[in-house]
Amino acid sequence: DTGVSQNPRHKITKRGQNVTFRCDPISEHNRLYWYRQTLGQGPEFLTYFQNEAQLEKSRLLSDRFSAERPKGSFSTLEIQRTEQGDSAMYLCASSFQRGGSNEQFFGPGTRLTVL
Amino acid sequence: GENVEQHPSTLSVQEGDSAVIKCTYSDSASNYFPWYKQELGKGPQLIIDIRSNVGEKKDQRIAVTLNKTAKHFSLHITETQPEDSAVYFCAAAFSSGSARQLTFGSGTQLTVLP
Numbered sequence: 001d002t003g004v005s006q007n008p009r010h011k012i013t014k015r016g017q018n019v020t021f022r023c024d025p026i027s028e029h030n031r032l033y034w035y036r037q038t039l040g041q042g043p044e045f046l047t048y049f050q051n052e053a054q055l056e057k058s059r060l061l062s063d064r065f066s067a068e069r070p071k072g073s074f075s076t077l078e079i080q081r082t083e084q085g086d087s088a089m090y091l092c093a094s095s096f097q098r099g100g101s102n103e104q105f106f107g108p109g110t111r112l113t114v115l
Numbered sequence: 116g117e118n119v120e121q122h123p124s125t126l127s128v129q130e131g132d133s134a135v136i137k138c139t140y141s142d143s144a145s146n147y148f149p150w151y152k153q154e155l156g157k158g159p160q161l162i163i164d165i166r167s168n169v170g171e172k173k174d175q176r177i178a179v180t181l182n183k184t185a186k187h188f189s190l191h192i193t194e195t196q197p198e199d200s201a202v203y204f205c206a207a208a209f210s211s212g213s214a215r216q217l218t219f220g221s222g223t224q225l226t227v228l229p
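Protein sequences appear in the order of chains F and S.
According to the numbering used here, the residues represented by the first sequence are 1 to 115, in order.
According to the numbering used here, the residues represented by the second sequence are 116 to 229, in order.
Keep in mind that a hint or two might mislead.
[Stated by the list, open to error] Simulated pairs of lysine-lysine, DSS-like, Cα-Cα distance not exceeding 27 Å:
#1 F/Lys14 <-> F/Lys71
#2 F/Lys57 <-> S/Lys152
#3 S/Lys157 <-> S/Lys173
#4 F/Lys57 <-> S/Lys157
#5 S/Lys157 <-> S/Lys183
#6 S/Lys137 <-> S/Lys152
#7 F/Lys11 <-> S/Lys152
#8 F/Lys14 <-> S/Lys173
#9 F/Lys11 <-> S/Lys183
Hints were generated in silico from the structure; no laboratory data involved.
What you are looking at is a predicted structure, and each value in this text was computed from that prediction instead of being measured.
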């Protein structure tokens, strides 16, 4: 399978704990995006990377959230001191900039439940 | 920032009938409009997209139309089949050579009744 993969698929944690999610993009894709999706809503942009550089962050990305893409390949999203409002599906997408095409391919997501 | 509104939130059609989902966007600078299909437990999958330099695009049973003046775009699915049942999202973005930050609508749950 050469699509975007995310791990874990599900995470249940207690309020106040830290969690980390991993995203492995499609291998030749230089751009990587994180989105958050709550029940009944569309995905909301959090942040994106071009290679290893984090170029944009949404105001939704509070200081408890941090994302990295250390070698321009996989990425991690860490949430510190989780709150119940952090419960959501966290989606990763990747794309390869080629001319005007920038189709984003999404992974299956990590569903976070904060108790 | 961009705001995308999507209607209806739920849509039921008989197998073989057509389905139409409509979206409006607020930022006249947006120039890229993809549609995604999301099945239960899966991430969104791109089914068709359109850029602002064209008014219509078709791919087999799926078509998208764009009205830049009115700032709305629509998804048309003809000859619907039960496997078309899913949540559909429209999105809008401005592409300037940098990344396209997608702004999504709230989704339409399409149910195709056999």
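Hints and how they fare:
1. F/Lys14 <-> F/Lys71: Between lysine 14 of chain F and lysine 71 of chain F the Cα gap is close to 31 Å, so the pair fails against 27 Å, i.e. violated.
2. F/Lys57 <-> S/Lys152: OK: lysine 57 of chain F and lysine 152 of chain S at ~25 Å, within 27 Å.
3. S/Lys157 <-> S/Lys173: Measuring from Cα to Cα gives roughly 25 Å; hence the hint holds.
4. F/Lys57 <-> S/Lys157: Within the cut-off at roughly 24 Å; holds.
5. S/Lys157 <-> S/Lys183: Measuring from Cα to Cα gives roughly 31 Å; hence the hint is violated.
6. S/Lys137 <-> S/Lys152: Holds: lysine 137 of chain S and lysine 152 of chain S sit about 14 Å apart, inside 27 Å.
7. F/Lys11 <-> S/Lys152: 24 Å, holds
8. F/Lys14 <-> S/Lys173: 47 Å, violated
9. F/Lys11 <-> S/Lys183: This hinted pair is violated, its Cα atoms lying about 42 Å apart.
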